[in-house]
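Start from the sequences, fold in the hints, and give me the full structure.
Protein chains: 2
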Amino acid sequence: MQILDRKEIENALSIERVFRLIEEGFIAYSQKKTVIPPVAAMQFENPPGDCHIKYGYLKEGSYFVVKIATGFPLNTKSGLPAGNGMIVLFSKKTGAPLVLFNDEGFLTDMRTAIAGAIAAKTLVPSHVECIGCVGTGAQAYYQLSLLPHVTRCRKVLIWGRDGEKARRLAKDPRLGHFSIQVAPTLDSLAASCNLIVTTTSSKAPLLFAHHIKPGTHITAVGADDIGKQELDPSLFRKADLVVCDSIAQCLSFGDTSHAVRSAAIKKEDLMELGALLANPLLGRKNDTQITICDLTGIAAQDLQIAIAAM
Amino acid sequence: MQILDRKEIENALSIERVFRLIEEGFIAYSQKKTVIPPVAAMQFENPPGDCHIKYGYLKEGSYFVVKIATGFPLNTKSGLPAGNGMIVLFSKKTGAPLVLFNDEGFLTDMRTAIAGAIAAKTLVPSHVECIGCVGTGAQAYYQLSLLPHVTRCRKVLIWGRDGEKARRLAKDPRLGHFSIQVAPTLDSLAASCNLIVTTTSSKAPLLFAHHIKPGTHITAVGADDIGKQELDPSLFRKADLVVCDSIAQCLSFGDTSHAVRSAAIKKEDLMELGALLANPLLGRKNDTQITICDLTGIAAQDLQIAIAAM
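Residue numbers (the working numbering), protein chains in the order written: chain S, 692 to 1001; chain L, 692 to 1001.
For the record, the hints were derived by calculation from the structure and aren't laboratory data. Mixed in with the good hints there might be a few duds.
If several chains are the same, the list does not tell them apart, and a pair holds so long as it fits within one copy or across any two.
Pairs of lysine to any residue, SDA-like flavour, derived with a Cα cap of 20 Å [claimed, not checked]:
id: 1; residue 1: K784; residue 2: M1001
id: 2; residue 1: K698; residue 2: L789
id: 3; residue 1: K784; residue 2: G774
id: 4; residue 1: K784; residue 2: R858
id: 5; residue 1: K724; residue 2: E736
id: 6; residue 1: K784; residue 2: F735
id: 7; residue 1: K856; residue 2: N766
id: 8; residue 1: K750; residue 2: Q734
id: 9; residue 1: K919; residue 2: S893
id: 10; residue 1: K724; residue 2: Q734
id: 11; residue 1: K723; residue 2: F735
Below, the structure is given as structure tokens:
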């Protein structure tokens, strides 16, 4: 088994190749050419934390993946990253582990951000006026860092529940090619932005229907577990198009699950990102529609980014 | 994260310490002092194989474990071991991976064999006449290699579906302290042995009620997945005591599940190994009883052997 550490993985990863492979992964998933069992999960109480295990394979492929991701939010108080974990790529012919990516969660951050960029590429209106970033953690940074691959817009408004963290992210030198302001309120962010990415670990809705103007696309990536929520169901009622990475998974948790449970939308009206990638005609019809893409993370992404990072 | 390979793990492991820790793990499990979600599993078709992920923690402990085990039976045709995998021990305080045991399945083999030895120690009659080993693979070897820790009997009869593999195991120099014969039939094995360990990957019952004489203890370790079976339900009907590593898991798969489904026994009559270890009075009453211990493998074993191997 080859063992790669975070630095080696960061240096070797070709972003272009990952984009292509992850798009292929979403398409294979939506065409039922994957085997992806439900996510395995554990919760911890003292300190609070969680561990998610995602695993699966492409039926036609040579590999299967097991990804272990942990989230311990209080770590940040002692200067440690909240997220950690690893990905292992196995041979589908022998069951032998081939490559261990000791990536400390980097590949998960990347594949999540790449999914956000793919969603944006597929669903934004023709002109992005300003990018709104709701949330100030690591994933907020990763989402912003990848959006230049899919939009020419370099104006960003950031809003966070912690104003100090928002100011720090706005000044992050790695995002120096953006013109970034901190938005005092979500109202002001949503009034200026027509591409909004939500990346918080909120357990109550932050964005409501009244916030969103026509012609806005929202990518929701924060609510990746039971109990988490960023978008109010009213927003789904107002949306013209709701796209999920996995309809089955988004019915079980994520913003969509809250919206379906409260009857703001019907599950029959949901579309999968892989279906949209395979047939772009299913997407946005004009520049006044409101679109939502709910990303909860599926093992096809972990598999494909691991293959790209081999 | 510390990374240990198989050789390092084999050299460092104290068998006595593992015995004690795994017994403590079974007791904690049966006293509901563990969090062990259901096993995560994937099946493969071409070639056939499976991947099981076991994970969990002791509520009072400092660690949690994730164990990935693969089984690809056709590997042996090309000289590769059928089993592989790894164990990762994480901090329950930060979610950080602490030790990766790149053990190629060794710790799983060991903790399974140690559970078998614990079951034998707890349930055998006062005098073991002869040890019967049903099966000829790696686990058959491991079970035999650990039984000297719990019985003075050195007579062994081996039966396997593949006679050549049975003869090879009988001559294994690592088992040179045993007097080993190959049994021509299961009838002859069961007629001579009052401690029988079943270690096959059979999908149909091998041992039936008529095989077993009074005063026999059977440890069944092979049927660790849906569809696998070694013991006919009739044998459970004849047994005086049926002990499971995990009643919940043994109702979902393993020999016990077949027996309960066919109404040969009721689930109310099952006992857990951890309960028996905590209170030996619950065990065998005399040397004529027939006892069965069904071992399907639980994450408490993986956790405890990982702690022992740190």
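task: Pop the pair K724 and E736 into one bin, within, between, both or neither, using alpha-carbon distances up to 20 Å.
output: between (37 Å within a copy, 14 Å between copies)
query: Is the C-alpha distance from K750 to Q734 at most 20 Å within one copy, between copies, in both cases, or in neither?
result: between (31 Å within a copy, 11 Å between copies)
Status of L789 relative to K698 across identical chains (alpha carbons, at most 20 Å): both (19 Å within a copy, 18 Å between copies)
Intra- versus inter-copy proximity for R858 and K784 (alpha-carbon distance at most 20 Å): For K784 and R858, the Cα distance exceeds 20 Å both inside one copy (50 Å) and across copies (29 Å).
Status of F735 relative to K723 across identical chains (alpha carbons, at most 20 Å): between (33 Å within a copy, 16 Å between copies)
message: Within, between, both or neither: how does the pair K919, S893 come out at a Cα-Cα threshold of 20 Å?
response: Classified as within: same-chain Cα gap 6 Å, cross-chain 44 Å, threshold 20 Å.
query: Given identical chains, is K784 near G774, meaning Cα to Cα at most 20 Å, within a copy, between copies, both, or neither?
result: between (31 Å within a copy, 13 Å between copies)
- prompt: Should K856 paired with N766 be assigned to within, between, both, or neither, using CA atoms and 20 Å as the limit?
  reply: Within one copy only: 15 Å inside a chain, 53 Å across chains, cut-off 20 Å.
- request: Since the copies are identical, ignore which copy is meant and state whether K724 and Q734 lie within 20 Å (CA to CA) inside a copy, between copies, both or neither.
  value: For K724 and Q734, the Cα distance is within 20 Å only across copies (15 Å; inside one copy 31 Å).
Alpha-carbon proximity between K784 and F735, which holds within one copy, between copies, both or neither at 20 Å: between (35 Å within a copy, 9 Å between copies)
message: Please sort K784 with M1001 into within, between, both or neither, judging by C-alpha distance up to 20 Å.
response: Classified as within: same-chain Cα gap 17 Å, cross-chain 31 Å, threshold 20 Å.
Figure legend: structure checked against the earlier numbered hints; the only hint not met is number 4.
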